[in-house]
Structure formats: structure tokens, C-alpha cells
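J.: The primary structure of each chain is shown beneath.
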Amino acid sequence: MAAVTERSRLSDFMWPALAWIVALVFFFPIFWLVFTSFKTDADAVKPEHLFFFTPTLENYTNMTENYDYWRFATNSVITSTFATLFALAVGVPCAYAMAFNPSKHTKDILMWMLSTKMLPAAAVLYPMTFLTKNFLGIFDTHFLVILVLCLINLPIAIWMLFTYFKEIPKEIIEASKMDGVTTWGEIKDILIPLAWGGVASTALLTFIFCWNEAYWTVRLTTVDAATLSKLIEGNRAPEGLFFGRLAAVSTAAVGPIVVLGWFCQKQLVQGLTFGAVK
Amino acid sequence: MATGATKPFGLFRNMTAKIAAIPMILTALVVFAGGTIWTVVHSFTGSKLLPKLNWVGLDQYERLWNSNRWIVSIENLLIFGVFSLIFSLVIGFTLAALLDQKIRFENTFRTIILYPFAMSFIVTGLVWQWLLNPEFGIQSIVRDLGWTGFDFDPLYNQDIVIYGVLIAALWQGTGLIMVLMLAGMRGIDQDIWKASRVDGIPAWKTYLFIIIPMMRPVFITTLVIIASGIVKVFDLVVAQTSGGPGIASEVPAKYVYDSMFLRQNLGQGFAASTMMLLAVVIIIIPWAYLEFGGKKRD
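Residue numbers (this note's numbering), protein chains in the order written: chain A, 382 to 659; chain B, 237 to 534.
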């Protein structure tokens, strides 16, 4: 008995302590990024100024005045929002079909969609650039960015929606069918309200993925549809130069998503654990 | 009306469902299949600046496998892939087990560890480029604390640069793995814990021999996520090391990208990307098929 209490007292103290040390280690890079963004470029590379420096907003004013932060931010908001909406518009019917009318090949289709996530994007970049620039003339447009963001996130969105929809009892859908509700009515009035938490989590996660996407957005835009990822990319300089400025740009680019994530913690975690809770 | 009823014509069964799935399947087919076929076809040509259909047979592949840069890229991807798989699973599981001890402020803790995941690859790459910079990063901080012999500059050492990339990738990805594993652990019946306690089985043994086997579905989900992260290492390398020092941290996707967009050697790029596609087809699809496809026949 004594051994048990001793052990639990030790673990009462040890596990939380260990957990917080880990949390600090994980948080340090973010803390460092934010700290650096308030330093001058000169201070940013001096170790003696790691914690002690004169904070300056210079990087941020410079960014909004000279680098047109708001235009990039607006583009990010527009493209991520519409890509998320389109992904849901296409994904919900698809997940609905797979969850409530499964056929022999449903699992195969789902798996095939997921496997596209593992294809190297580099393999399709050239055809995409070539096609959009020379034939379709939609290079560097919001439309293209939205389309691409929507497409690359569809597999995960459908997978998530599918796992949520699967949890809904089939009988509810069948009963509504007996009552003569149309397919559209089923999705709109029954499915979405029932799986609202899941749909919201899917939307949130898709939005975050879209916002952070850099591979395609950097390479398929130049000016007009350029997102925040492009702004960061454009501010990268050879080793050791303009670190304060780059840190400010990076902070301002990830800031909105980090704040959003904080407020939607529950949805975020729910969204990220899709399919795992059984 | 006909839901559930078996009709003689399979094609017309669940017609609405099939129609609903068409937009997704069509777009995916056009973009992925179209792009892929185009790439494979052009890998057999001598295209330089513009894609042309001047056939050169397997020349591009021969050149590819004779390129030192390509070999280094493959090695790096293998090292990165194997280690990121092992460490993601081990660290993710350990952290989840730690959080499973019902510590206070669990939500805050979980969110903090999950935060790096909300960062884009570019930002992750940049932050770790700075942190691993010997002049003002971790090395200089530790040296200032008094341990002057401390050496930690993976990004400037050809032999270990890929591990520097690995650290950044783990920092970014482990939180997600942890959250998934934690959800899996919470889904396990608490009675198992009671039973193992009654039998006097130590906690680590319960985790290793009872909990892990029960978490099989979670492990499969995490494997899919880790695998798609390994494929995306390109973004991180570009942001963090640009393939340097020298060619020490090159990865296959970067070889493809550089051939196509910097060296005006489209044919090489197509050949390299075809090899990558082939690798995916050979390794991942049969595995995934067995894993997901086999179950429904049980």
C-alpha cells in the first residue's frame, strides 16, 4: 500500500513536470520567431541580444508600408476561404455517397483518393504550369489558386467527412427517404445538422492546410494572386540578412492561423483525430 | 427508394450516390491521371527548355542513375524516411502516453505541442535555419551558458545536414501524431487498465503488449500521415537548406524541380519524377491495398 501511494506521489509530480518541459521545448522556436520579429536586423543575429533588446515595430511598419502585406493577406483569405467552401461543396456529396450507399468499391475509391496525397507534387508541377500558362491563361489568378488548393485538400476532406458520416445511423437517412425527402434535402436538413461538428472540423482543418500551402501557391502565382507564403518566399535573403524583417513577415503570415487555432482548439483537435476515435 | 435492395444491374444501383461522387472522381482523374501520363510520356524524350516529342528511349534514365546528385537525393530521402517514421511513432507515442497520465492543463499542453503543426513548411524551415545557425542559434546560446565546447551545427556539416532537416520535420509533425495516438488511447476501454493493474503488470508492459496492438487503426492513420509528410520534405529542404551545403541535403523532388525550372532540362526532370511515381506505385499502393482493401472481404 505504501509503495502505491509513494509511486503515485512521485508520478503526480514527475509527469506534469516532464510534460511542461516538453511543452517548453516545443514552444521555444515559436517564441523565438515572435521575439526576433521585434528586433532590428542587426540585433536579430547577435546572441547577446537574445532576451535583452530594445523592441521595435520597425519590421512591421516596414512590412505594411513597403511590402504590401494586406494585399497578400487578402489573397490568402480569399483563396483559402473559397477553396475550403468548394472542397466542402464537392466533398460532402461524395462522402455522403460513400457513407450511406457503399458499394463494393467504396473502400478502393477512398484509398485511391488518399494515395494521391502521396504522389510527388513535383511530378505534376510542370504540366500544371505549362497548361495554365500557355493554354488556359489562368496562371496567377485567384481561380487557379482556389482550384489547386481545393483539389489537393479534397482527399483528406473527404476522408474526414466520410468518417464522421459513417457514425450517423443509416436508419435516419432511410427513414427520411421513406418520407420522400430528396437527396439534396437529406444532405442539407439531416446530414449536415447531425454531423455539424465534423463538418466544422473538416472546414477548419482544410482552411489551415490551404493557408499554409506553399508549394503550389508560390509556384503558380507571381503578383495578382500571390498569397502570404509568396510574401515570405519573396523576402528570403542570403544567410544572415534581414532576419528581423523575415521574422516579422513570418509571424504576420502564421499569426492569423495560430489565433484561429487557439479559439477553435476543440474543433481542431476533433478534426485532427478523425477516424482515430473508435 | 431502392437503397439496400439488390438490383440485377450493378451499374444502376445507387445511381444518385454515383452521380454525387462524379465531380470528385472526374477532377482527380483529369488532373492526376492526365498530368501523370503526360509526365511519363515526356520522360522518354530529349526535351530541354520546352516539351518536345523527340524520342531518345531510355537515355534520360541512364543519365539519371549516373548522376551523383540523384544518388545523394535518394539516400537522403531513405534516411529521412526511415528516421522520421521511427521517431515520429516513438516520440508521438511517448508524448501521448505522458499525456495519458491525466495531468492538469492537458488541453493547453496538447495545443502547445500541436502548434508547430499550424506553421507552414516555409516558416518551419526558416525558424530552424536560424535555430541551427552556429553563430546565433542553439549552439551559441549553449556556449554562452558556459559549455564552450558544445558543437551543434548540423546545417553546416555535410554528413549530418539531413538530420537537421529531420529535427525540423519532427518538431512540426509530432504534435499531430501525438494527438492521434492520444485519441486512440482514450478510445480504449478503461477496464483493461484495471485488469492489468489487478494482475500487477507494469504500466510500460501494458502499453507495449496490450495497448499498442489494440491501437492498430490509429497506427495505420498515422502511417498514412507520416508517409505523406515524407513526400513533402521538399518544401522543408527548400526553406531550410536549399539542398546545401553543396548537394548534401538534396532530395528527389528537388532534383525534379531544379532540372525543370533551373537547368532547363525537362527530360531529366520528367525521368526523375517518373521514378518517384514508380516508387510510390511499387511501395505504397500494394501496402495500402492490403491494409484497406483486405478488410472489407473479412
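By construction, these hints were calculated from the structure, which means they are not laboratory data.
Just so we're clear, the structure is a prediction, and the values are computed from it rather than from any experiment.
Just to be clear, a hint being listed does not mean it is correct.
Unchecked claim - Derived Cβ-Cβ restraints for the label pairs, each shown as a range:
hint : chain 1 : residue 1 : chain 2 : residue 2 : range
1    : B       : Gly436    : A       : Ile402    : 47 to 53 Å
2    : B       : Ile273    : A       : Glu552    : 33 to 39 Å
3    : B       : Gly293    : A       : Val604    : 39 to 45 Å
Claimed, not checked - Now the stretches of chain B that chain A is said to cover, found in silico as 3 or more residues with beta-carbon under 8 Å:
hint : region
4    : 307-319
5    : 354-361
6    : 380-392
7    : 455-468
The C-beta atom is built at its ideal place from N, Cα and C for all residues, glycine as well.
J.: Taking the hints in turn, state whether each one holds.
T.: How the hints compare with the structure:
1. Gly436(B) x Ile402(A): 47 to 53 Å: With Cβ atoms ~30 Å apart, the hint is violated.
2. Ile273(B) x Glu552(A): 33 to 39 Å: violated (44 Å)
3. Gly293(B) x Val604(A): 39 to 45 Å: Since Gly293(B) and Val604(A) have Cβ atoms about 41 Å apart, the given range 39 to 45 Å holds.
4. 307-319: violated (count 0)
5. 354-361: With 6 residues closer than 8 Å to chain A, the region 354-361 of chain B meets the three-residue bar; holds.
6. 380-392: violated (count 1)
7. 455-468: Per the Cβ count (6), the hint holds.
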